[in-house]
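Q: Chain by chain, the residues:
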Amino acid sequence: MFELIAQNLATIMIGAVVFAILAAVVIQLIKDHKNHRSSCSCCGCKNCASSGVCHRG
Amino acid sequence: MSIKIALAGNPNSGKTTLFNDLTGSSQHVGNWPGVTVEKKEGTLKGHKDVMIQDLPGIYSLSPYTLEEVVSRQYLVSEKPDAIIDIVDGTNIERNLYLTTQLIELGIPTVIAVNMIDVVRRNGDVINLKQLADALGCEVVETSALKGTGSKEAAEKAVALAGKPEARELPPVFNGSVEHAIAHIEESIEGKVAARYLRWYAIKLFERDEKVIEELKLSDTLMEHLEEHITACENELGDDAESIITNQRYAYIAKLVQAAVKKKHVGQKMSASDRIDRIVTNRILALPIFAFVMFCIYYISISTIGDVVTGWTNDTLFGEMILGNLSTWFESIHVAPWLSGLITDGIIGGVGAVIGFVPQMLILFFMLSILEDVGYMARVAFIMDRIFRRFGLSGKSFIPMLISSGCGVPGVMACRTIENERDRRMTIMTTTFVPCGAKMPIIALFAGALFGGSGLIATSAYFIGIGSVIISGILLKKTKAFAGEAAPFVMELPAYHVPSARNVFHSTWERGWSFIRRAGTIILASSVVLWFLQGFGIVDGVFGMVDDNNTSLLAAMGTVISPVFAPLGFGGWKATVATFTGLIAKENVVGTFGVLCGFSEVAEDGMEIWSNLAADFTPLTAYSFMLFNLLCAPCFAAIGAIKREMNNAKWTWAAIGYLCGYAYVIALLVYQFGRLFSGGSFGIGTVFAILVLAGLLYLLLRKNKYDERIHERKVAANV
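Just so you know, the sequences run in chain order R and V.
Position 27 of the first sequence, counted from 1, bears residue number 27 in the working numbering, the numbering being contiguous throughout.
Position 696 of the second sequence, counted from 1, bears residue number 696 in the working numbering, the numbering being contiguous throughout.
Hints were generated in silico from the structure; no laboratory data involved.
We put the beta carbon where it would ideally sit given N, CA and C, even for glycine.
Do not take every clue at face value.
Unchecked claim - Footprint (simulated), chain R over chain V, 3 or more residues, beta carbon under 8 Å:
1) 322-334
2) 337-346
3) 515-528
Stated by the list, open to error - Computed spacing ranges between beta-carbons, pair by pair:
4) V/Ser-680 / R/Leu-29: 44 to 54 Å
5) R/Leu-29 / V/Pro-618: 57 to 67 Å
6) V/Asp-219 / R/Leu-29: 50 to 60 Å
7) R/Ile-27 / V/Glu-93: 50 to 60 Å
8) V/Pro-618 / R/Gln-7: 49 to 59 Å
9) R/Ile-30 / V/Met-320: 44 to 54 Å
10) V/Glu-213 / R/Leu-29: 39 to 49 Å
11) R/Ile-30 / V/Leu-128: 51 to 61 Å
12) R/Gln-7 / V/Ser-680: 39 to 49 Å
13) V/Ala-253 / R/Ile-30: 54 to 64 Å
Start from the sequences and build out the full structure, keeping to the hints where you can.
A: Rendered as structure tokens:
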């Protein structure tokens, strides 16, 4: 078991980093969606001049 | 207790710049009217208990437009403690019209005479003391752009906030009107807050429908008020609303004559007027606009942008990152699948998009300069002349200007169009204008197949505008959109040197969101795509595949690809890229980055996009590019369309129309392009001829609804 881990240590560590980044991205996308922050090219609705009309309160 | 200070003023008088200056906020500032549609809030720097509220720009407190309704509703119902009225000093006479209405609200008001630097440069002098004495308000001079005077205005407003108004109102109206207003005030006393008594009385005198509806006065009382109003109208020989308007302007004219000394009285043209004589000239305007846009795309896509993007793609991503990373992975024995995921999937997809950031930044920088200098407002004016011929108004061009950055705020900006038919039509067509996210697609094909020609990007922009015009002609002949274009009134702001802060802020705002998207949604999509193109079922066994033509993605793409065969790009890779573009338009590029082996090609030291060029001819590439530029926008923009249409049927109609139109245009371009470049006459050509005939019929047929409108007008005149 330990031998297997030792042989694949680089894969496990780099894989963990990649997985963590992907998880963070997915969480961020879900958060943005919940906060009505669209993924448009203008920093989302937050900075849109008309944001108040769509997202009151 | 917190203090609320409202910023009110005419459109483009500098409210948002002043708001940003006072609050340290970074709201988007545009040098055209209508940037603010809804109020925005921020805390005054150094005063945590003072809230500054930026209201949409308005010309009056009459509820004719959405912006006026929003501002008026706020001022009357939310009762700010003070108002800073921003008056454009270069156009003081028209700006004071709103001032005379604001001071009737009974809220302590500070008048900020803005753009004072321009006033001085013109050699004009404004006597602030005389203005203050006449209007009964504190008056300060400001230059929001240079950041002078704004703090003083805010401090004065804070000092006045909440204090009862003991000032005497300026004598705007003559005796007869004041007599009628006094009677109305007497009749509604106790029914409205004492502070707003005079304002309500004047509005009732004007027979303001919204105020009548709000107060719900009894019929007997309304009849009584009507007697006073009618008596005044009979005496002055005009209707009540016109009496109020005329007397306001007469008062302002007198005041301006006394308080403002103009260096050049009469018809001397300003520098802006002289420039406008050329750039808005009936014949020269359009060629100048085309030339300006060509220069912008040429510089950003072909020259400086191409060099920097070439370095980012070839050297930074190709040699430095991918080369070193692959060697390192090999040396530490990382599993091939993980190495593939990172180099081919993540860096292939994200790197392909990030590579275009330099071009995007240069493009956004130049567009921001054009906006800030005041040229884009002229373009709306120029386009109004053209749009009007085809049943659209220049008001529809404002959302399109915004769409050149991003389709979402572009679609949202359509809400300022009062006419529902025009609003729907603008929502349906505004995403034809290529947004920032579509630029990498254009840059990719321009670089891979057209030698980096600036004409490709320029043609994409004008095909977008041309599509709006064609759609205007087509749709205005249908029952759902028939009708005359709404009138378009727009003030052309004076040209000014662009503010470095505004330009860099706007460039960074757009550029950063592009990078952010690459790091989030594009990254996630690239990983999914890498998996789908790297795995498949071979000989009944699921596993990694060596050739992505046998992958799951290829299987899915192949099922749908025949739909696009008549357009010239019937391969599964192009089909998949078209669909992933719906997630975000840059994803088209990211998809090709993953599918065309961005990393492998770079490692070989070959031209990054030569693999892509092998899959397309210039004609099929142009057809593919057109389809992706004109078809349904990304999901975020589709969501905005759904919100603005507020109707599932209309949303689907918009998506269907965009896709259908894109299909027709790409079909015609490919089929006729193929025929004229020596291709054989086939079933596709016949299909294209039939489609062209149908399109020409729809474009050239008589507009029966126009005739009906004309008949109705004639009948009304009779």
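Q: Each hint needs a verdict: does it hold in this structure or not?
A: Outcome of the hint check:
1. 322-334: holds (count 4)
2. 337-346: Contact hint for the region 337-346 of chain V vs chain R: holds, 4 residues under 8 Å.
3. 515-528: Since 8 is at least three, the answer is holds.
4. V/Ser-680 / R/Leu-29: 44 to 54 Å: holds, 48 Å
5. R/Leu-29 / V/Pro-618: 57 to 67 Å: With a Cβ separation near 37 Å, R/Leu-29 and V/Pro-618 fall outside 57 to 67 Å, so the hint is violated.
6. V/Asp-219 / R/Leu-29: 50 to 60 Å: Since V/Asp-219 and R/Leu-29 have Cβ atoms about 58 Å apart, the given range 50 to 60 Å holds.
7. R/Ile-27 / V/Glu-93: 50 to 60 Å: For R/Ile-27 and V/Glu-93 the Cβ distance comes to about 56 Å; the hint holds.
8. V/Pro-618 / R/Gln-7: 49 to 59 Å: At 50 Å between Cβs, range holds.
9. R/Ile-30 / V/Met-320: 44 to 54 Å: violated, 33 Å
10. V/Glu-213 / R/Leu-29: 39 to 49 Å: holds, 45 Å
11. R/Ile-30 / V/Leu-128: 51 to 61 Å: Holds: the Cβ-Cβ distance is about 54 Å, inside 51 to 61 Å.
12. R/Gln-7 / V/Ser-680: 39 to 49 Å: violated, 60 Å
13. V/Ala-253 / R/Ile-30: 54 to 64 Å: Roughly 59 Å apart at Cβ, these two residues keep to the hinted range, so it holds.
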